[in-house]
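Line by line, the protein sequences are chains W and R. In terms of the working numbering, the first sequence has 184 at position 184, counting the first letter as 1, and numbering is strictly consecutive. When you read off a place in the second sequence, starting at 1, and then add 232, the result is the number in the working numbering.
Hints in this document: simulated from the structure, not taken from any laboratory. Treat each hint with caution, since some may be false.
Pairwise CB distance ranges, derived in the manner of DEER restraints [as the list claims (entries may be wrong)]: (1) W:Gln218 - R:Ile242: 35 to 43 Å; (2) W:Val12 - R:Gly462: 27 to 35 Å; (3) R:Glu319 - W:Phe103: 36 to 44 Å; (4) W:Gly215 - R:Tyr266: 41 to 49 Å; (5) R:Thr467 - W:Ile104: 41 to 49 Å; (6) R:Val468 - W:Pro61: 44 to 52 Å; (7) R:Gly462 - W:Ala59: 30 to 38 Å; (8) W:Lys97 - R:Glu319: 28 to 36 Å; (9) W:Tyr32 - R:Ser326: 35 to 43 Å; (10) R:His406 - W:Leu45: 43 to 51 Å; (11) W:Phe103 - R:Gln239: 45 to 53 Å; (12) R:Val268 - W:Leu45: 27 to 35 Å.
Calculated pairs, DSS-like style, for lysine-lysine (alpha carbon to alpha carbon, straight line, at most 27 Å) [to be verified]: (13) R:Lys255 - W:Lys205; (14) R:Lys395 - R:Lys247; (15) R:Lys439 - W:Lys144; (16) R:Lys247 - W:Lys205; (17) W:Lys65 - W:Lys42; (18) W:Lys177 - R:Lys255; (19) W:Lys157 - W:Lys131; (20) W:Lys157 - W:Lys10; (21) W:Lys205 - R:Lys396; (22) W:Lys205 - R:Lys256; (23) W:Lys221 - R:Lys255; (24) R:Lys349 - R:Lys400; (25) W:Lys205 - R:Lys439; (26) R:Lys410 - W:Lys177; (27) R:Lys395 - R:Lys349; (28) W:Lys177 - W:Lys10; (29) W:Lys222 - R:Lys424; (30) R:Lys396 - R:Lys349; (31) R:Lys427 - R:Lys256; (32) R:Lys400 - R:Lys295; (33) R:Lys483 - R:Lys255; (34) W:Lys177 - R:Lys460; (35) R:Lys344 - R:Lys483; (36) R:Lys255 - R:Lys424; (37) R:Lys460 - R:Lys424.
Beta carbons: idealized from backbone N, C-alpha and C, even for Gly.
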Amino acid sequence: MTDQLLVKDKDVVVPGETLATGMAFLPTKGTYRDGDRIVAGKIGLVSVEGKVIKLVPLADPYIPKVGDVVVGEVNDVMFSGWRLGLRGPYSAVMNVKDATSDFIGRGVDLTQYFALGDYVFCKIVNVTSQKLIDATMRGQGLRKLIGGRLIQVNPAKVPRIIGREGTMSSMIQQATKTEIVIGQNGVIWVNGEPGLETVAVNAIKMVEDNAHKSGLTQTIKKWLDEQVGGAR
Amino acid sequence: MTESLRQHIIQGLDKNIRLDGRKKDDYRKVWIEYNVSNSAEGSARVHCGPTDILAGVKMGIEKPYDDTPDRGNLMVNAELIPMSNPEFEVGPPSDWSIEVARITDRGIRESKALEQKTLCIKAGESVWSVMVDVIPVNDAGNLLDMAGLGALAALGVSKYPGKKENGKVDYEKHTDKKLQLACKPIPVTVWKIGKHLVVDPLTEEEKVAEARLTITTIEDGTIVALQKGGETPLTVEEIDEMVGMAIGVAKTLRALLE
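Produce the complete structure using the sequences and hints provided.
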């Protein structure tokens, strides 16, 4: 079969769509080879760089990576640690030794440190090939998140919500006087005054929905001024 | 289970602000699509914000029950599929699924909205049996009220199927004869969180609520069915307030029906 590229750069493709034929092109992330075809594995935007075909997914579940800083919710208290839900297909385990430097004797009730439903800001330290995941709370800024609530966004949009050097998130935090902690798993913890907290949540949703647009910081700034001005 | 979330929600409710910015007695936008299924005798799709529910009516000819030889049968079933909520599981119906179906059923049955005598073909031998299926497409809270509204909307647009010469049902044909409804029973559930009463809860609010009361009313405000849920008791004053809220909300919901 002849080597042929069937899509253009930045085309939107669906799973199963043939992107190229022949052996001249290389499948990478999000695509796979089926015989002499390269097929899309996800819905997303194609990016063609020379002979390399890549696919940037429009939406993706969160797959943990070592070094990710995530927001988790305590789902289970186990014999010597806690199971944390990451709102994705895999959950993480945080061992007692990674959670606190206190001395904990044998048989102590672990819920006095973290109880079911508590939120934690933690870091992924190990991911095995079987997707057994270890998390730790040792590190700068990692802590238990007290009060507040969680909202969920598409993990792919997290960089946009943080903004360049944190501009977007700090702007929302300052305007609404709300604490915001963003996990790379797309889970965001917000805590503030009830009315202003709702404004912050709506602002984050707005950034998520309009992540592809340019000049977003200015739009959000204007919108926040209107909203917060009205709430006062 | 989620005590910190409960405290956070109550903090907001103290100022009459809920997680999505609504007030305690605000309902999300509700809209109804009719006849979404070709194979059902009548169907409706009810949206309440992101909550999305399908209700369908199938009719068949069956033998009546021995104690009600001249009345048609009514069956309501709720199938809570895992697609609509990550906490729903496949397999035999859960307690919640049975409760949703029972509350929906009771509202229609006890209000006598469906005149079961009109469903009789020949007393003691054959009657129409009406089966209502409720399936959530997305459960983002307030499943109970929407199941009741969806079932009623679907019944309201249902038409009898045709009959073959041998007395069997001919599902290929549809007659123009509509199913008769005597009244419109609307269930409204009022949830108690802390000392606050709210309607149209979000999933988070449903999780932290201590008690709920489903109040089904008809046009003139008569209460036709009640169901209390949750572990905490309710005072007489609270029930009074809940009934007042439910009658008010039911009026606006009823106005949405065809």
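Cross-check of the supplied hints:
1. W:Gln218 - R:Ile242: 35 to 43 Å: At roughly 37 Å between Cβ atoms, Ile242 of chain R and Gln218 of chain W fall inside 35 to 43 Å, so the hint holds.
2. W:Val12 - R:Gly462: 27 to 35 Å: violated (47 Å)
3. R:Glu319 - W:Phe103: 36 to 44 Å: holds (37 Å)
4. W:Gly215 - R:Tyr266: 41 to 49 Å: holds (43 Å)
5. R:Thr467 - W:Ile104: 41 to 49 Å: Holds - the Cβ-Cβ distance for Thr467 of chain R and Ile104 of chain W, about 43 Å, lies within 41 to 49 Å.
6. R:Val468 - W:Pro61: 44 to 52 Å: holds (49 Å)
7. R:Gly462 - W:Ala59: 30 to 38 Å: Hint holds: Cβ distance 36 Å, inside 30 to 38 Å.
8. W:Lys97 - R:Glu319: 28 to 36 Å: Check passed, 32 Å falls within 28 to 36 Å.
9. W:Tyr32 - R:Ser326: 35 to 43 Å: 38 Å Cβ-Cβ, so the 35 to 43 Å window holds.
10. R:His406 - W:Leu45: 43 to 51 Å: Holds, at about 46 Å.
11. W:Phe103 - R:Gln239: 45 to 53 Å: Given range 45 to 53 Å: violated, Cβ gap about 30 Å.
12. R:Val268 - W:Leu45: 27 to 35 Å: holds (33 Å)
13. R:Lys255 - W:Lys205: With Cα atoms ~20 Å apart, Lys255 of chain R and Lys205 of chain W stay inside 27 Å; holds.
14. R:Lys395 - R:Lys247: violated (59 Å)
15. R:Lys439 - W:Lys144: holds (22 Å)
16. R:Lys247 - W:Lys205: Cα-Cα ~23 Å, so holds.
17. W:Lys65 - W:Lys42: holds (19 Å)
18. W:Lys177 - R:Lys255: Holds, at roughly 21 Å.
19. W:Lys157 - W:Lys131: Holds - the C-alpha atoms of Lys131 of chain W and Lys157 of chain W are around 23 Å apart, at most 27 Å.
20. W:Lys157 - W:Lys10: Holds, at about 18 Å.
21. W:Lys205 - R:Lys396: With Cα atoms ~56 Å apart, Lys205 of chain W and Lys396 of chain R exceed 27 Å; violated.
22. W:Lys205 - R:Lys256: holds (23 Å)
23. W:Lys221 - R:Lys255: Since the Cα atoms of Lys221 of chain W and Lys255 of chain R sit roughly 26 Å apart, the hinted pair holds (cutoff 27 Å).
24. R:Lys349 - R:Lys400: Within the cut-off at roughly 20 Å; holds.
25. W:Lys205 - R:Lys439: holds (23 Å)
26. R:Lys410 - W:Lys177: violated (57 Å)
27. R:Lys395 - R:Lys349: holds (19 Å)
28. W:Lys177 - W:Lys10: violated (39 Å)
29. W:Lys222 - R:Lys424: Violated - the C-alpha atoms of Lys424 of chain R and Lys222 of chain W are around 38 Å apart, more than 27 Å.
30. R:Lys396 - R:Lys349: holds (22 Å)
31. R:Lys427 - R:Lys256: holds (12 Å)
32. R:Lys400 - R:Lys295: holds (12 Å)
33. R:Lys483 - R:Lys255: holds (18 Å)
34. W:Lys177 - R:Lys460: violated (40 Å)
35. R:Lys344 - R:Lys483: holds (19 Å)
36. R:Lys255 - R:Lys424: Judged against 27 Å, a Cα distance of about 14 Å means the pair holds.
37. R:Lys460 - R:Lys424: holds (11 Å)
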